[in-house]
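Please put together the full structure from these sequences, using the hints given.
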Amino acid sequence: MRTCVGCRKRELAADLIRVAAVHDGDGEPAVTVDAAGNLPGRGAWLHSDEQCLHLAVRRRAFARALRITGSPNTSAVVEFFTRREASVRPATEQVVKNMSTP
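The sequence shown begins at 1 in our numbering and counts up one residue at a time.
What the hints contain is simulated information worked out from the structure, not anything from laboratory work. Check the hints yourself; a few may be wrong.
As the list claims (entries may be wrong) - Restraint-style ranges between C-beta atoms, simulated for each label pair:
(1) THR69 to PRO40: 13 to 23 Å
(2) ASP26 to MET1: 27 to 37 Å
(3) ALA76 to GLN51: 17 to 27 Å
(4) GLY70 to LEU12: 30 to 40 Å
(5) MET1 to GLY25: 32 to 42 Å
(6) ARG60 to HIS23: 15 to 25 Å
(7) SER87 to GLY37: 13 to 23 Å
(8) GLU28 to MET1: 29 to 39 Å
(9) ALA13 to ARG67: 18 to 28 Å
(10) GLY43 to SER75: 13 to 23 Å
(11) MET1 to GLY27: 33 to 43 Å
Keep in mind it's a predicted model, so treat the numbers as computed, not measured. Glycine residues also receive a C-beta, built at the ideal position from the N, C-alpha and C atoms.
What follows is the structure, given as structure tokens:
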């Protein structure tokens, strides 16, 4: 069981996305999605829902959960969610189209 840093609800790790702290090219802390689950260091967990992402960013939960001083760059996580949402939406629309009756 893991806790989502956005909504604070507990779920199985398989139902959440792991994020981890890394250092970007400038040496500043950044948060990235750890899809393989093999990045070293502390990780935080997040539902695949954009609302949980926005809650985590608004509450500054990544810095607290990953024990980072300062405000980490979350652009990689935001980009992951944006790409994921864009790829899910067309598939959902196709299912609805296939299920409609003429």
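To see whether the hints hold, each was checked on the structure:
| no. | hint | in the structure |
| --- | --- | --- |
| 1 | THR69 to PRO40: 13 to 23 Å | holds, 18 Å |
| 2 | ASP26 to MET1: 27 to 37 Å | holds, 36 Å |
| 3 | ALA76 to GLN51: 17 to 27 Å | holds, 19 Å |
| 4 | GLY70 to LEU12: 30 to 40 Å | holds, 31 Å |
| 5 | MET1 to GLY25: 32 to 42 Å | holds, 35 Å |
| 6 | ARG60 to HIS23: 15 to 25 Å | holds, 19 Å |
| 7 | SER87 to GLY37: 13 to 23 Å | holds, 21 Å |
| 8 | GLU28 to MET1: 29 to 39 Å | holds, 32 Å |
| 9 | ALA13 to ARG67: 18 to 28 Å | holds, 19 Å |
| 10 | GLY43 to SER75: 13 to 23 Å | holds, 18 Å |
| 11 | MET1 to GLY27: 33 to 43 Å | holds, 34 Å |
Every hint, counting from the list given before, is met by this structure.
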